[in-house]
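Generate coordinates for the entire structure from the input sequences, incorporating the hints supplied.
6 protein chains.
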Amino acid sequence: MEPGGTHPEGEEPLPEEITWIRDGQILFTYLHLAPMPELTRSLQARGAIAIAYETVERADGSLPLLTPMSEVAERLAVQEGTHYLGRAYGGRGILLSGIPGVPHGNVAILGAGTVGLNAAKVALGYGADVSLLDINLDRLRHADDIFGGRVVTIASNRFNVEQVVQRADLLVGAVLVAGARAPVRVTEAMVKSMKPGAVVVDVAVDQGGCVETIRPTTVVEPVYMAHGVVHYGVANMPALVPRTSTFGLTNATLPYALELANRGPLAAARANAELARGVNVWRGRVVHPAVAAAVGERALPLSELR
Amino acid sequence: MEPGGTHPEGEEPLPEEITWIRDGQILFTYLHLAPMPELTRSLQARGAIAIAYETVERADGSLPLLTPMSEVAERLAVQEGTHYLGRAYGGRGILLSGIPGVPHGNVAILGAGTVGLNAAKVALGYGADVSLLDINLDRLRHADDIFGGRVVTIASNRFNVEQVVQRADLLVGAVLVAGARAPVRVTEAMVKSMKPGAVVVDVAVDQGGCVETIRPTTVVEPVYMAHGVVHYGVANMPALVPRTSTFGLTNATLPYALELANRGPLAAARANAELARGVNVWRGRVVHPAVAAAVGERALPLSELR
Amino acid sequence: MEPGGTHPEGEEPLPEEITWIRDGQILFTYLHLAPMPELTRSLQARGAIAIAYETVERADGSLPLLTPMSEVAERLAVQEGTHYLGRAYGGRGILLSGIPGVPHGNVAILGAGTVGLNAAKVALGYGADVSLLDINLDRLRHADDIFGGRVVTIASNRFNVEQVVQRADLLVGAVLVAGARAPVRVTEAMVKSMKPGAVVVDVAVDQGGCVETIRPTTVVEPVYMAHGVVHYGVANMPALVPRTSTFGLTNATLPYALELANRGPLAAARANAELARGVNVWRGRVVHPAVAAAVGERALPLSELR
Amino acid sequence: MEPGGTHPEGEEPLPEEITWIRDGQILFTYLHLAPMPELTRSLQARGAIAIAYETVERADGSLPLLTPMSEVAERLAVQEGTHYLGRAYGGRGILLSGIPGVPHGNVAILGAGTVGLNAAKVALGYGADVSLLDINLDRLRHADDIFGGRVVTIASNRFNVEQVVQRADLLVGAVLVAGARAPVRVTEAMVKSMKPGAVVVDVAVDQGGCVETIRPTTVVEPVYMAHGVVHYGVANMPALVPRTSTFGLTNATLPYALELANRGPLAAARANAELARGVNVWRGRVVHPAVAAAVGERALPLSELR
Amino acid sequence: MEPGGTHPEGEEPLPEEITWIRDGQILFTYLHLAPMPELTRSLQARGAIAIAYETVERADGSLPLLTPMSEVAERLAVQEGTHYLGRAYGGRGILLSGIPGVPHGNVAILGAGTVGLNAAKVALGYGADVSLLDINLDRLRHADDIFGGRVVTIASNRFNVEQVVQRADLLVGAVLVAGARAPVRVTEAMVKSMKPGAVVVDVAVDQGGCVETIRPTTVVEPVYMAHGVVHYGVANMPALVPRTSTFGLTNATLPYALELANRGPLAAARANAELARGVNVWRGRVVHPAVAAAVGERALPLSELR
Amino acid sequence: MEPGGTHPEGEEPLPEEITWIRDGQILFTYLHLAPMPELTRSLQARGAIAIAYETVERADGSLPLLTPMSEVAERLAVQEGTHYLGRAYGGRGILLSGIPGVPHGNVAILGAGTVGLNAAKVALGYGADVSLLDINLDRLRHADDIFGGRVVTIASNRFNVEQVVQRADLLVGAVLVAGARAPVRVTEAMVKSMKPGAVVVDVAVDQGGCVETIRPTTVVEPVYMAHGVVHYGVANMPALVPRTSTFGLTNATLPYALELANRGPLAAARANAELARGVNVWRGRVVHPAVAAAVGERALPLSELR
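Residue numbers (our numbering), protein chains in the order written: chain A, 2 to 307; chain B, 2 to 307; chain C, 2 to 307; chain D, 2 to 307; chain E, 2 to 307; chain F, 2 to 307.
If you're looking for bench data, these hints aren't it; they were derived computationally from the structure.
Be aware that a few hints might be false.
The list treats identical chains as interchangeable, and a pair is accepted whether it falls inside one copy or across any two copies.
Said to hold, decoys possible - In silico SDA-like links for lysine to any residue, alpha-carbon gap of 25 Å or less:
id: 1; residue 1: Lys193; residue 2: Phe160
id: 2; residue 1: Lys193; residue 2: Arg299
id: 3; residue 1: Lys196; residue 2: Asn161
id: 4; residue 1: Lys196; residue 2: Phe248
id: 5; residue 1: Lys193; residue 2: Leu301
id: 6; residue 1: Lys196; residue 2: Glu163
id: 7; residue 1: Lys196; residue 2: Glu213
id: 8; residue 1: Lys193; residue 2: Arg159
id: 9; residue 1: Lys193; residue 2: Gly209
id: 10; residue 1: Lys193; residue 2: Asn161
As structure tokens, this is what we get:
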């Protein structure tokens, strides 16, 4: 989830060849080089120093330059899902909060990690009846502490997921596993059992999704119908709110950029291990193992940067 | 604001002639006959008893069969306005709640009556910075009681409105005067001073609007740009959530319908003054003064119903 | 609901004859003379001035010396109902708040007047999922204002009551009509449809109850089973917490007692219309119309007190 | 605290001999074999694999299959204590929340660990004035963060405990030390100083209690009077709400049971150290050191399971 | 309570003679002419139209141009009282909120009208333990609704006031009777019983005070000691925050000022009865009865304004 | 920040020579010997055992006997800053909460550590509009979790600090670095840009302050003006509320004092590493390295205490 491609006409990918970068210049942005070997080679050929936001990594494995994008997506998931409950967009024609005399709608959130908790907070703010499921009871205990009984916590197992999916007006998939494909928790059969016009938003869509029937969409055509259910599969949600996303991202990248500018790339990479993990290409050599594998080269060890 | 026309393809107005109603049968629904004299005459010709939801009225002047629709619209106003802040729809690309490190967006609400208070509640639930303006200080005191300082209350005058409009990301017009054109509080010049991509939602659009540049739109094409500002002018917001709207409306109409069914229309109209005020056409005669004026007839007094 | 009979062994009613009161002395307490003509005659014979708490009445029809007892009962209803959900007492064996991973229990409250609102507040404090029903939509709007969406408000009609009763773990009857038998909203058939071990508490039991199967019980034997459902029918709930009840009652009666003591009964009754309405027997004559009818006498008009 | 013995007539202990289990079959439940050597020998004789819920243990020393029972007890402690404040049960006749004009009752909670914090949450929900004591100032800081000043935090020392006990209407003992006798914080002299009809609930009763005068009771006869104070000493509180307890326990045991079923006991015990710590008896040999000591045998090391 | 005299050097009263006003000019401000007959005569002599903020009055008897000053005072009372609890100023050396392990201080508020409720809100925000007393139980019920049990409501009588005063760290007198001397609720003997260094703030000081020992002070020397208790008697609290007070006052006066400017004084006084009640002197004649009495003239009836 | 010197006439420092202590006696209090070598030598000469509160230290580097003083200061900072916004004291004449129709004032807090979070809590309780800045985004995330969007979190950088300082009515400096000079975040130029009468409170003043223009003051003369801005620089805030401070400090010191009393100093220092780190002088020898350096001696290792 990254803020690039914010124009409504769709995202413009990085070109396969980069001609405007000069020897020793630094490219510090989202790169995703592994699936684009041509781009990697172009960067090598030009002698660039390419540092990828998405591989800057802390000692605890967290990815500080992905976090702000995740925060935007967590909050947008319920906002956009709520909008698509509108009948004009194929939804059930439900106002989540209800009105006096008409009960509120139900939001079921799979996964009580950071993403799920933030989605639950937003859904409560929207006045919904919120159920939160997780396999991990300790996470549910934490949710119970935070929400003080305003959220229904349910131990996640196949039986409980089936029950919950059937009564959801809005289903938010928030089961993410760091660095791996998201496990499928909601099968196609379960989606078929949903109420017509219910809405599914899967925050894990760019990791394959935890709902079997989800597939990536764009901010221009964000939803499609499947089995009578509205599917919202925007993989790049932050592009919808580029102003917020850009400030959020800059807050996170600025300290690294200052360090690069003030010390130069070599000293910065030596002093700051988080930044060093972000180095993908270095003056003709590929440094990041996965990117190196994609172009069939041996990765240059970080210790050999010069 | 009524729930008719809930299909996405647009609202289908009542036909100018009604052929399926028989002598003495009751038509109890939203009618709005004043601007449609042909329809009034058709109902007269067929001997129908036409009772209009919109003119059922309590002793205190409140309109109980419009209230549920108003409740839906109040809550949808912020929901939909928030959605259209998305860059893909012409908005500023702002997430109202912000994220940690990025301040929240500002929602300015003009009018602290029931509509404004409900909109403020929703906007707070969305995590926005909320300003609420009204000419009436007592209403602001009430708002301060309810929201305990979480909403900024501002005395409404031209200077303050100008200031507030300039900094709003989402501007909600909620200045309504019962039975009259809404007064214009936000001039075209003020709209020109707004930030590019700001969103205006005017809940008073079907009473002419309190924002000079607003004009009615439909759920199918809900927004248009003017002076770089997104205008949301859906006059029939409840049509977006027909399921909630219908339950809400039925909760309110059912007691009247039961009274009509159990007692017959004459006894019901005599026993229930609220219902009696709803009678527009009665077996060939026009009863409601405004409708009678529109067809150039003398209104039959309620006391002469037979 | 009055705090008399606070000893656990049961309530001791007033004796049919009162021998310790002397001519012109004032008896100011709960009396309920209408069904006890012997007691009325005894008070007449002794020349007493008998003023009944339960008939002291304000201009707006409210009964200020019953209010504190009602406040106690409203809050006890959920407290005691929750206790009897314990399996050892015949209940469903449910903890209302649930625990993390186990959803909370459901409390359905019929009637959104003062009693119902207070019961709802307590039930929320207990961590329950709360539904509140009323025929009057304005009351539900008020509840929605107060509870901000944490309580589900449902328009009360036969269909909705049936649905709600079936899923309730604890059903609180709070449909009271001032000075009249409570209307039956929950039929015996509905009670049969309840989950085994569900609990019914009917705050209106001393007005006949709004649940068909309820009958009065005492604090010593507070519950009985019917159709597998625990029925709590204590008509005199304040007797369970006499300390709180007594302070609450004294707060309300003291100003009247001081007025009687400082001015004497005649001047007090003339100066204070609320107190005057409390006069039942006055130096040999019966003053309160209902009590007079019960002993077959003509009521002495208040204006003729000497 | 375990959910067995849920019938009101009392808990039925496991028989001293188990005849229905066959060689190599798995018994996975609460066992408490140490004080029952006959039962241990019977399990050995039959070649059973006996795994005890109460000794399944995580690396951090926490006992995941006791936690749900503890969660139930924490929440029941205030609920049941509140009920027994009723005069009919020997209590002070206090409504914890008070009513307008009558101050609320005081709940003093000794111990601000998980148990005490949860009890404090419930007591606040009941509308009580809550004091929370602990020796550990950091725990009081955490409580202050959570409750934002709504709970009075008091440093625990003999002087402060004396003061607090004297003014408590409901005293909750929640001083637990993992795997050890609870320290006595409230002496018999302090209990004598309590107000007549005050209620003591000691959640640590099955570890000896932190109130000197507490002794274990059952759900059938839950309370006794001592020094004019109601003592609630149910050691097996979850038995009161078996439905909630069972779902809570099953949520926690199911993953272990599935692992046993899918892999077989040997592979499961090897793969899962938490489960391995639960093994008490293995095909004729005693594995758990404390159980082995009780029958005078040498414990089989986990590494020698076959 | 008015915002004049905002300079720290003290309040500058209106001069006894006004020389700069010309015939027929309007003086619209706080006047308080009754105790200043010389000033009245000076205004008469110059032919001025003098309209006093403090006598502008609504049909319900409320004084809209005093309300904003009252709102400021209500909120300042607790703020300033809290400051003077500082030991350096003679106070008890108490932090109202306490810290973890040290209980919070107690604020007792006499009077649960608007002033008392607002003071209670502020005191809760400061983290204090708050008691609220009133003779009127309905007001305490309202407070209980608003504060949901976070404030202790106590029926006001001599015994309860004595108890409460003894334990208060900060005592706020908020017993005001519109247009009359405030009744003394706290006697000098009660003040003597207070803890050394406790603080008294009496919002009713300019109506004589509801604490016997209070006397008016200024923002320059706001406090004095009496019986070891800090007395804060600033009668003109809004002068401490002139910026807030001025905006608040202008919000309230502007509509009247615009009406005077747009219509002229005669038409404005005829059209607006609230404004008319504010007229004190009119072109040589005294209009307001109390002011007329003070100069020994007959008041000109409003109907005779020309 | 320590509670000594609580008399309004100012703080009385420890004398340079201590004559009343005898050989082997324990002095356990705040000492701050490093800048007072004469005092150190006096303690050595008398053979005292001097243990300093300020150097008692836990394994994680936290200072448990400074924490209570810090807690007091955090809460006082906003309380006192708010008071000095009063016009009579040079402030802007602002009521932080505003009143209905007049917006609330702005409190900007630099630093979102424990100090900043507690200050933010207090400022919210005061009804202010609160902005919280920190360089560390994770701290802002935590603040966002706690305050749920009621506080504006802003990434701290020079540009943002400049913006925030300009609009602040009350600026709280809470940037502390354990054991080091506080970094200057607000330059003199920024202070010059503040609104006239704005107030600065710098909690870090005893570490040099994070506002360039702050200098230490006392509770007797707490504020001074600089560049039109009120500066509150009390370094010893707890002295203002000695009662709260003393209880808070005693709660923290008592366990150590008991250990010293029960075991004697040598055994206590050996058993309790936290206490051992507090030993500054031991029977003629200096133990704490910094104090030893100040008197030009070699520090006695803790292991050589006899």
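Okay, the hints, checked on the actual structure:
1. Lys193 x Phe160: within (16 Å within a copy, 28 Å between copies)
2. Lys193 x Arg299: neither (48 Å within a copy, 58 Å between copies)
3. Lys196 x Asn161: Answer is both; intra-copy 17 Å and inter-copy 20 Å each pass.
4. Lys196 x Phe248: Classified as between: cross-chain Cα gap 17 Å, same-chain 39 Å, threshold 25 Å.
5. Lys193 x Leu301: For Lys193 and Leu301, the Cα distance exceeds 25 Å both inside one copy (50 Å) and across copies (53 Å).
6. Lys196 x Glu163: both (13 Å within a copy, 23 Å between copies)
7. Lys196 x Glu213: Only inside one copy: Lys196 and Glu213 sit 17 Å apart there, 36 Å across copies, limit 25 Å.
8. Lys193 x Arg159: Within one copy only: 15 Å inside a chain, 32 Å across chains, cut-off 25 Å.
9. Lys193 x Gly209: The answer is within: 19 Å in one copy meets 25 Å, while 44 Å across copies does not.
10. Lys193 x Asn161: Within. Shortest intra-copy distance 16 Å satisfies the 25 Å Cα cut-off; inter-copy 28 Å does not.
This entry does not satisfy hints 2, 5, going by the numbered hints stated previously.
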